[in-house]
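The listed protein sequences correspond, in order, to chains A and B.
All residue numbers for the first sequence refer to the working numbering, where the first residue is 1 and numbers rise by one.
All residue numbers for the second sequence refer to the working numbering, where the first residue is 285 and numbers rise by one.
These are calculated hints, taken from the structure and not from any lab test.
Careful, some of the hints might be misleading.
As the list claims (entries may be wrong) - Simulated restraints, written as ranges between beta carbons of each label pair:
id, chain 1, residue 1, chain 2, residue 2, range
1, B, E395, A, L52, 46 to 56 Å
2, A, A259, B, E395, 42 to 52 Å
3, A, V146, B, W481, 26 to 36 Å
4, B, R515, A, L52, 43 to 53 Å
5, B, L491, A, V146, 18 to 28 Å
6, A, L252, B, L451, 36 to 46 Å
7, A, A266, B, Q326, 37 to 47 Å
8, B, Y331, A, V157, 23 to 33 Å
9, B, V426, A, L52, 55 to 65 Å
10, B, G393, A, A266, 34 to 44 Å
11, A, G247, B, P510, 29 to 39 Å
12, B, A486, A, A266, 48 to 58 Å
13, B, R515, A, G255, 27 to 37 Å
14, A, V146, B, A334, 52 to 62 Å
What the hints assert, rightly or not - Computed list of chain A residues with no C-beta within reach of chain B, every gap over 10 Å:
id, residue
15, T32
16, L68
17, T268
All figures in this text were calculated on a predicted structure; none of them were measured in a lab.
Ideal placement from N, C-alpha and C gives every residue a C-beta, glycine not left out.
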Amino acid sequence: MAPTPDTAPGRRPDRAGLARPAVVRRRDVIRTLVGVSALNELQYRVNFFLQLFQSLVALATAIAVVALVFLYTPSLGGWSPWELMVVVGVHTALGGVIRSLIQPSMQLLMEDIREGKLDFALIKPVDAQLVVSLRRITVWPLVDVVVGLGVVVVAAVQAGVAVTVLSVGTFLVALPLGAVMIYCLWLIITTGAFWIVRMEHVAELFNGLYQAGRWPIGLFPGWLRLVFTVLVPLAFAVTLPSEALTGRAGLLALGGAVAFTLVLVAVTRWFWRLGLRNYAGASA
Amino acid sequence: MSADTAQQHRVPPPPARPPLARVGRPRQMLDFYATVARTAVQEQFQYRAANYMYMIGMVVEPVIYLVVWSVVAEASGGSVGGYTPGGFAAYYIVWMLVRNMNIVFTPYGWEFRIREGQLSGMLVRPIHPLHYDLAYFAGWKVIAVLLWVPIAVVLALLFPPELSVNLAQAATFFVAIWGAYVIRTLLLFVLGLVTLWTTRVAALFELYFAAELLLSGRLVPLDLMPDAVLRWVDLLPFRSTFGFPIEALVSDLSGPQLVRGLLAQLFWIGFGWLLAMVVWKRAIRRYSAVGN
Numbered sequence: 001m002a003p004t005p006d007t008a009p010g011r012r013p014d015r016a017g018l019a020r021p022a023v024v025r026r027r028d029v030i031r032t033l034v035g036v037s038a039l040n041e042l043q044y045r046v047n048f049f050l051q052l053f054q055s056l057v058a059l060a061t062a063i064a065v066v067a068l069v070f071l072y073t074p075s076l077g078g079w080s081p082w083e084l085m086v087v088v089g090v091h092t093a094l095g096g097v098i099r100s101l102i103q104p105s106m107q108l109l110m111e112d113i114r115e116g117k118l119d120f121a122l123i124k125p126v127d128a129q130l131v132v133s134l135r136r137i138t139v140w141p142l143v144d145v146v147v148g149l150g151v152v153v154v155a156a157v158q159a160g161v162a163v164t165v166l167s168v169g170t171f172l173v174a175l176p177l178g179a180v181m182i183y184c185l186w187l188i189i190t191t192g193a194f195w196i197v198r199m200e201h202v203a204e205l206f207n208g209l210y211q212a213g214r215w216p217i218g219l220f221p222g223w224l225r226l227v228f229t230v231l232v233p234l235a236f237a238v239t240l241p242s243e244a245l246t247g248r249a250g251l252l253a254l255g256g257a258v259a260f261t262l263v264l265v266a267v268t269r270w271f272w273r274l275g276l277r278n279y280a281g282a283s284a
Numbered sequence: 285m286s287a288d289t290a291q292q293h294r295v296p297p298p299p300a301r302p303p304l305a306r307v308g309r310p311r312q313m314l315d316f317y318a319t320v321a322r323t324a325v326q327e328q329f330q331y332r333a334a335n336y337m338y339m340i341g342m343v344v345e346p347v348i349y350l351v352v353w354s355v356v357a358e359a360s361g362g363s364v365g366g367y368t369p370g371g372f373a374a375y376y377i378v379w380m381l382v383r384n385m386n387i388v389f390t391p392y393g394w395e396f397r398i399r400e401g402q403l404s405g406m407l408v409r410p411i412h413p414l415h416y417d418l419a420y421f422a423g424w425k426v427i428a429v430l431l432w433v434p435i436a437v438v439l440a441l442l443f444p445p446e447l448s449v450n451l452a453q454a455a456t457f458f459v460a461i462w463g464a465y466v467i468r469t470l471l472l473f474v475l476g477l478v479t480l481w482t483t484r485v486a487a488l489f490e491l492y493f494a495a496e497l498l499l500s501g502r503l504v505p506l507d508l509m510p511d512a513v514l515r516w517v518d519l520l521p522f523r524s525t526f527g528f529p530i531e532a533l534v535s536d537l538s539g540p541q542l543v544r545g546l547l548a549q550l551f552w553i554g555f556g557w558l559l560a561m562v563v564w565k566r567a568i569r570r571y572s573a574v575g576n
């Protein structure tokens, strides 16, 4: 397989494929796109250690911040230090997912829309949203997922939370849902590039907003809580899994998250198609 | 970009050393600064929407700190380390202006400058690249401050600040924000030059930014830091680039304290300038352009 990342198409249909109806299986497409990206990244193994170092710096900073706050108060909005570290862990893990699986493809998409190169992705005989969402994956930020989940486990044990099937189960469902919501948000924002061409600050905008997730969203005043629930669903994505694990949220909240995710996925799909209709290539 | 510097391949001493701008031409330098700054204003004014998006991303950070510390202040009987929620509001609204003043050429940008050959173009100009960065970002500040004013008004309505300012404080603040700007430009210039030795700079940069976050007053007013940390703060330049300008306006610093802060800034400007010149001289020898 040729390791040319940006231009490498999904596995080309073999010669026999011409005779068959042009149906490419989704699973194969996903496997190929992810595989090519991963192989390309795994060449640079030193980056693993650099990423580990960066993750630890970020974690140390986060711990310092939490420690500083708890110098002055025994509990912050009802959260003990270790419970807050659960939030930090979830935030770190989800941040790793964003930077490895979501953000790179979205930034590539933005570039391609601006430069009129999206045609190359659109002519492939598979769902365009699937292709643009998986074209570029960076492997090493996944270190943050491991570090973050490690922090979650340690913090949960130290906080002495009651581990029940319900709390762990809710946590394990809520976390992937959070990733899906953040993906939808990113794709909605990126789709905006079909109308507003200059979007390069959008990553900074998102990362700025994402920083709010390091704290339980309940701390914020009402209007900001609304922003961080509906517009930027950090309350669902980061706070809810943490609340689930620390016994603060149950099935009702999870049901809300499921419903919200379904709506968001549908809206994202609709908006993406709307944007796509607005696309004009730069060639010809 | 530039034909003559691009030719050299591995010839050790670059044949055309750029004649660096020497002092003694203050008038020309002033012209240069004014022109570059004006260009920056015009250029950035075109991208109002992009600039605003950037600003909104930036407004979140101080609002988070403000909310968290207000909660802490209320939980511990109305104030923490002398800061009430109103005091924190004043601190973090001024924080935004100082943060805007603080934006300089990013060290991550050096990779681009080197890879795309921009540096070749800069080298053949009869003026040190540092002057260009200083002038360009100084001009950008005009737009940044203009965009900051409405945001500050909205924030002040949402989080009413407690602020009383006298003339000495206002004057010090005005000088100090520019001092902070120059210091941060110099330090990040030096940091960016590391790119000429290694391309794996991100880890180093992030370590630097983590230290800056904790030790500059960006995260929290430095009065709230434990004493053991404050001892480090006094040995490092970060306070001069962030905490001091804010405190000059927001805290009740005495006259001597204000003067001492400005002198510290002056020291770090001198230090930063010397460091920048020394590192630049060594770094630029490692540069070779490729192309035609």
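Results of checking the hints against the structure:
no.: 1; hint: B:E395 with A:L52: 46 to 56 Å; in the structure: 21 Å, violated
no.: 2; hint: A:A259 with B:E395: 42 to 52 Å; in the structure: 45 Å, holds
no.: 3; hint: A:V146 with B:W481: 26 to 36 Å; in the structure: 30 Å, holds
no.: 4; hint: B:R515 with A:L52: 43 to 53 Å; in the structure: 30 Å, violated
no.: 5; hint: B:L491 with A:V146: 18 to 28 Å; in the structure: 21 Å, holds
no.: 6; hint: A:L252 with B:L451: 36 to 46 Å; in the structure: 58 Å, violated
no.: 7; hint: A:A266 with B:Q326: 37 to 47 Å; in the structure: 44 Å, holds
no.: 8; hint: B:Y331 with A:V157: 23 to 33 Å; in the structure: 49 Å, violated
no.: 9; hint: B:V426 with A:L52: 55 to 65 Å; in the structure: 42 Å, violated
no.: 10; hint: B:G393 with A:A266: 34 to 44 Å; in the structure: 40 Å, holds
no.: 11; hint: A:G247 with B:P510: 29 to 39 Å; in the structure: 32 Å, holds
no.: 12; hint: B:A486 with A:A266: 48 to 58 Å; in the structure: 38 Å, violated
no.: 13; hint: B:R515 with A:G255: 27 to 37 Å; in the structure: 52 Å, violated
no.: 14; hint: A:V146 with B:A334: 52 to 62 Å; in the structure: 35 Å, violated
no.: 15; hint: T32; in the structure: 29 Å, holds
no.: 16; hint: L68; in the structure: 6 Å, violated
no.: 17; hint: T268; in the structure: 20 Å, holds
Violated hints, listed in ascending order, are 1, 4, 6, 8, 9, 12, 13, 14 and 16; each of the other numbered hints is respected by the structure.
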